[in-house]
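Asker: So the protein lines, in turn, are chains A and B.
Position one of the first sequence corresponds to residue 942 (this note's numbering), numbered consecutively onward.
Position one of the second sequence corresponds to residue 942 (this note's numbering), numbered consecutively onward.
For the record, the hints were derived by calculation from the structure and aren't laboratory data.
Where hints are given, some of them may not hold.
Note: identical chains are not told apart, hence a pair may lie in one copy or across any two.
[Unchecked claim] When the alpha-carbon atoms are kept at most 25 Å apart in a straight line, the in silico BS3-like pairs for lysine-lysine are as follows: (1) K1113 to K978; (2) K1113 to K1054; (3) K1072 to K1133; (4) K1008 to K980; (5) K1113 to K1133; (6) K1079 to K1094.
Number of protein chains: 2
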Amino acid sequence: MNIAKNSAKRLGVAKPIATEYDRRREELVGAAAMVFKEKGFAATTVDDIGRRAKMDRATVYYYFRGKKELFREMVNEATSENVHMAERAASLDQPAREKLRELIEGLLQSYVKHYPYLYVYVQEDMLRLSKDGSAWGKQMIALNHRFDHAVFKIVQEGLKTGDFSSSDRDPKLIAAGIIGMCNWTHRWFDPKGQVSSTELARVFSDLVLNGLLLR
Amino acid sequence: MNIAKNSAKRLGVAKPIATEYDRRREELVGAAAMVFKEKGFAATTVDDIGRRAKMDRATVYYYFRGKKELFREMVNEATSENVHMAERAASLDQPAREKLRELIEGLLQSYVKHYPYLYVYVQEDMLRLSKDGSAWGKQMIALNHRFDHAVFKIVQEGLKTGDFSSSDRDPKLIAAGIIGMCNWTHRWFDPKGQVSSTELARVFSDLVLNGLLLR
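So here's chain A without its partners, still in its complex pose (with noise of 0.2 Å):
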């Protein structure tokens, strides 16, 4: 977020109109976005990119410096917002197990707020797009990190309180199956299908807690 905004968001200040430029960028975005999703970043050509927003190349390269740009463009924010309820989820003054359900809930739909920028960004495989050596990489590798660290935390904190029952559990294994479990609905989840992301988080949320045997 930059300071303008901030400032006037403080001072109830309505939002500064967007410009003819800004509105064209975010058609990119979102235009990329789709092609991305349907093609993979690697297959994808800006000319792709630029027949699904009906521009032409030399438009595309006006607004943005290439396919690359328009994807970290699509990340930034969603990325970092994610990140932020995750932390806020970790950090709730409640039982391990509502923390959990908050995060997995939260994470879908972060999923379904921001698609399919955010879909795109895992199938990609973040780590390996970052791992270019670049500022933005670094950033991304440190907000991944976090993201990792808040449900590490949580499944932690449920195993030390005796809230989850823990034996020789190993937090670190547990916190990857339910983020596989959730980041894999890229695969195959429709937000504008039948299911809801809260309908699908409340099923997540239970098999992990209470587990498919009957009690």
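Assemble the complex: chain A is given as a structure, and chain B must be docked to it using the hints.
Answerer: Below, chain B without anything else, positioned relative to chain A:
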């Protein structure tokens, strides 16, 4: 499997010795798999694969028509073996809970046995790659469908027989969650790391069967 191999097995005849040609092809498949895993299929070039296998471009093209054929060669056997494992687990004469344990362990072991072939396949989005209308693509879609169906059948059976607590649970969503948990390991699980596939399978099975909450 081809008929010659089958009858050799039945007759107790030794496997035919691999020719230099077969060996070179295998080497190339192995090299391609490593590069696909690191860079992704779309970003990988035949030159990359040649460099990794220490062969020049022309030599690669002597053995394979291109990276697509290398990819297919890589996943064919592993994928169908994996489907047979899942269908075997689903038809065991045991309660659903045992079938599910068997399937989760079988799948994770399969990822290790065929490392990194199956992981590359998972990473590259099997369904997207198979949608090229080719006979190979259709066969892969059918295999994927059979795998998913085996998991679905186990969950559905458990809910029906009362081995799993049912209420209003949707077996499709539960199956998708379990498959996601396992498939996501392609992003983080290192078969040469400290955790074995057996240990990981135990953690995942305990998680989905017993849940995290104290009983």
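Asker: Does each hint hold? Answer for all of them.
Answerer: Now for the hints, and whether the structure bears them out:
For a Cα distance limit of 25 Å, the shortest separation of K1113 from K978 across copies, 23 Å, qualifies, whereas the shortest one inside one copy, 29 Å, does not. For a Cα distance limit of 25 Å, the shortest separation of K1113 from K1054 across copies, 23 Å, qualifies, whereas the shortest one inside one copy, 28 Å, does not. For the homomeric pair K1072 and K1133, the shortest alpha-carbon distance between copies (22 Å) is at most 25 Å, but the shortest distance inside one copy (33 Å) is not. Proximity of K1008 and K980 under a CA criterion of 25 Å is satisfied in both settings, with 13 Å inside one chain copy and 17 Å between copies.
For a Cα distance limit of 25 Å, the shortest separation of K1113 from K1133 across copies, 17 Å, qualifies, whereas the shortest one inside one copy, 33 Å, does not. Taking CA atoms no more than 25 Å apart as the test, K1079 paired with K1094 passes inside one copy only; the shortest distance there is 22 Å, against 43 Å between copies.
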